[in-house]
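Numbering (the numbering used here), first residue to last: 1 to 155.
Don't read these hints as lab results, they were simulated from the structure.
A quick note: this is a predicted structure, and the numbers were derived from the prediction, not measured.
Careful, some of the hints might be misleading.
[Stated by the list, open to error] Once the Cα atoms are required to be at most 25 Å apart in a straight line, the calculated BS3-like pairs of lysine-lysine come out as:
no.	residue 1	residue 2
1	LYS135	LYS64
2	LYS64	LYS131
3	LYS130	LYS64
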Amino acid sequence: METKPPHPPFTQEAATTKVRMAEDAWNTRDPDRVVLVYTEDTRWRNRAEFPVGRAQVHDLLVRKWTRELDYRLVKELWAFGGNRIAVRFAYECHDDSGQWFRSYGNENWEFNAQGFMTHRFASINDLPIKKSERKFFWPLGRRPDDHAGLSDMGL
Numbered sequence: 001m002e003t004k005p006p007h008p009p010f011t012q013e014a015a016t017t018k019v020r021m022a023e024d025a026w027n028t029r030d031p032d033r034v035v036l037v038y039t040e041d042t043r044w045r046n047r048a049e050f051p052v053g054r055a056q057v058h059d060l061l062v063r064k065w066t067r068e069l070d071y072r073l074v075k076e077l078w079a080f081g082g083n084r085i086a087v088r089f090a091y092e093c094h095d096d097s098g099q100w101f102r103s104y105g106n107e108n109w110e111f112n113a114q115g116f117m118t119h120r121f122a123s124i125n126d127l128p129i130k131k132s133e134r135k136f137f138w139p140l141g142r143r144p145d146d147h148a149g150l151s152d153m154g155l
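Given only the sequences and the hints, what does the whole structure look like? Please build it.
Structure representation (structure tokens):
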């Protein structure tokens with residue numbers, strides 16, 4: 001049977017690793033890659049959408065990254081226990097008119113014994129920002145290890 005380490009029950013180190021792996025995957029903006037960490041029957045709440053299964057999650061991600069251009073994301077572990085992890089995050093992107101946004105949110109994750117995410121509940125707020133207010137400047141893709149995290153940036 002395929003697994004997606006680290007597996008629950010999570011330690012501080014394992015939960016932190018799982019969060020960084022998720023951040024790295026999402027920063028690829030590759031729906032084909034991102035959906036592989038979720039179970040086939042994963043259940044989500046993402047804003048006002050409630051996709052069920054990898055196919056619906058894939059469709060949501062395609063729509064997301066078609067609208068959210070130059071997307072850069074930072075995630076931070078908030079809490080963990082057993083097979084659950086709570087995360088806070090912020091990401092920056094712009095729309096096709098050039099308006100920049102910083103979106104803030106929280107996610108609650110639940111995993112199966114093999115380390116695949118079965119549930120993802122996200123609450124997200126969007127803040128329009130000026131281009132000059134941006135904080136995430138690394139080249140598209142993985143956030144460099146020496147780039148500040150959310151707490152370090154006061155977010």
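The hints, checked one at a time:
Among the hinted pairs, LYS135 with LYS64 is consistent with the structure: their alpha-carbon atoms are about 21 Å apart, no more than 25 Å. Between the alpha carbons of LYS64 and LYS131 the distance comes to roughly 20 Å, so the proposed pair stays at or under 25 Å and holds. With a CA separation close to 21 Å, the supplied pair LYS130 and LYS64 stays within the 25 Å bound.
Hint compliance for this structure: every hint is met.
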